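> One-letter residues, chain by chain:
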Amino acid sequence: MKTVIITGATSGIGLAAAREFAGKGYRVVGVGHSEKNCEKAKNNILSAYPEAEIVFFSGELMQQREVLRVAEELVKYINENCGGELFALVNNVGGVRSLYTTTEEGYEQQFALNHLAAFLLTSKLLPFIERAHGRIIMTGSNSHKGIKVHWDDPMLKKGYNPLTAYKQAKLCNILFAKGLCDRGLCAYTVDPGLVNTDIGNKQTGSLVNLIWTLRKKHGVPPEIPAETYVFLCEQETEPDGLYYYLCRKRKFSGEVTSENADRLFELSEKLCGIEYAGREAAV
Amino acid sequence: MNVFITGASGGLGRAIAAECASRGYRLFLTDINDDGLACLRQGLERQYGACVLTHVCDITKNESVEEMLAVIDGSGIRFDMLFNIAGIDYEGGFMERERENVVKIVSLNVGATLRVTHAILSRRWEHKPFSLVFVSSLASLYPMPLKATYAASKRFLTDFAEALRQELKSQNVRVLTLCPGGLPTTEEAINGIAAQGFWGSVTTNRLEQVAFETVEKVQKGQGLYIPGAVNRTLSVLGKLVPRSVIAALIYKRWSGAQKKWLCPEEN
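Chains as they are written, first to last, in our numbering: chain A, 1 to 283; chain B, 1001 to 1267.
If we strip away everything but chain A, and leave its shape as in the complex, we get (with noise of 0.2 Å):
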């Protein structure tokens, strides 16, 4: 049985692929931010599919220390009944804010949340992912295109708007990607269209909700993204491009680039404390 592992799978589109990978009899392993929650979205995949092999953990995947906590869990887990192979790694978690906020290490909660976390978890959880010869994949978006990462102030300090981080955030996501395949891995990201979920009712202000909440209604349903996630695992050849839209490749921004992505390694293994194997070495 193959294990994948999807953050953010209390809701929206990760509870979605979730439900969608349980069904195609993947062992699905969700994190979510509050264990009320994990345990709401536990009952709604097991109501669909009461075979399902399925557990939860949580914790606020913004913070690193929750993300070193959660991942040391996720690693026992694995080791102990999964026999150490991990097949995919969701990275889906995502959220906007309307204001300037940051965590506890002073790291701007949109970059945190949606970058930062992504990159510390898959760092903890590679050595199972290549044992398997697993994929990773990142829930990204159309919207980073018409952006460059502001290097010379990555947290949008000096001028912050949701919008431009949430951009951003999202052209991270798919350099993650890249700069993982230009180290010898199995790395996606999906674009999953405009969609039918809550993310911009959370913890957001109001202008920004308002806003959302009436996006929302032309979005599909989180299931239509969903099997992008299953296609991309099911194939038994890796594909071979790294951004898909609708189970079809899709042309990115042309600020994807391994310079970049080297670029984006090298902040993000300063701000997370960590090393990835270098490029050379994967060659």
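Everything labelled a hint here was simulated from the structure, so no lab data went into it. One or more of the hints may lead you astray.
What the hints assert, rightly or not - Here's a subset of chain B near chain A, in silico, CB distances under 10 Å, partners left out:
1. R1014
2. A1018
3. R1046
4. A1194
5. T1203
6. T1204
7. T1233
Stated by the list, open to error - A few chain B positions that, by computed beta-carbon distances, are all more than 10 Å from chain A:
8. N1002
9. E1019
10. E1098
11. S1107
12. T1158
13. R1206
14. G1223
15. L1224
16. L1249
Claimed, not checked - Computed list of lysine-lysine pairs in BS3-like fashion (alpha-carbon distance at most 30 Å, straight line):
17. K76/A to K42/A
18. K1220/B to K158/A
19. K1217/B to K158/A
20. K24/A to K76/A
21. K124/A to K167/A
22. K251/A to K145/A
All of these numbers come straight from a predicted model, not from anything done at the bench. Just so it is clear, CB atoms sit at the ideal spot from N, CA and C, and this is done for glycine as well.
Go by the hints and put chain B onto chain A.
Below, chain B alone, put in the same frame as chain A:
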């Protein structure tokens, strides 16, 4: 530039610490939150390569402060700046609060602030300018029903800072009073601001900008910083309207907002 910050692991404390770190200042951070301090120190070192010392300290307790001062004196540290950020409030009217909690507001916001200010001013460089910041509040400008103790404690700081500013002017000490409206520091604060509706959002200031301006203004010798045009207008109006009328108006607004905030399910 050696900077001392109290309440450093809270929202505003972190923002000020980050602002100072980004300028290459050296930081001495205190808070009662041990884990928060450790995380922040690590974050500032990683993000800015900052030089950070931390010390867990309950500044409402003299022994705790004495112990910290012994560490400071042991390494002969002298300071150029002090940010008095540690402060507290609890929700609800005077009689709805725990007795000791009401006293705590004054012992932290006023008593502990005076203790730290005296201690750090005594440890400034002899012939260099010193910058001193008190975090007061927009609430200090009016009597505030339902926040009576908090507003009065902040009023103390605003008046004290203004007086101290004159007293120490000739000794090259610059004193700034920061009077912010709402600041989006925690999830709770953001929800509280949202519960106040229109007035909540127009009196709220951008945290990162307030931090930047505060560090700028104190070094330029400014005495009072009220962030935001709406807040500045409110502060002027506050001087023109009789205080009893203001108190009545504020009670009307806050009682509605607090009901909405404390019992969100009913709305």
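> Each hint should be assessed against the structure and marked as holding or not.
Here's how the hints hold up against the structure:
no.	hint	result
1	R1014	holds (5 Å)
2	A1018	holds (5 Å)
3	R1046	holds (5 Å)
4	A1194	holds (6 Å)
5	T1203	violated (13 Å)
6	T1204	holds (8 Å)
7	T1233	violated (21 Å)
8	N1002	holds (19 Å)
9	E1019	violated (8 Å)
10	E1098	holds (27 Å)
11	S1107	holds (26 Å)
12	T1158	holds (26 Å)
13	R1206	violated (6 Å)
14	G1223	holds (26 Å)
15	L1224	holds (24 Å)
16	L1249	holds (23 Å)
17	K76/A to K42/A	holds (20 Å)
18	K1220/B to K158/A	holds (20 Å)
19	K1217/B to K158/A	holds (17 Å)
20	K24/A to K76/A	holds (24 Å)
21	K124/A to K167/A	holds (26 Å)
22	K251/A to K145/A	holds (10 Å)
The structure does not agree with the numbered hints 5, 7, 9, 13 stated previously, though it agrees with the rest.
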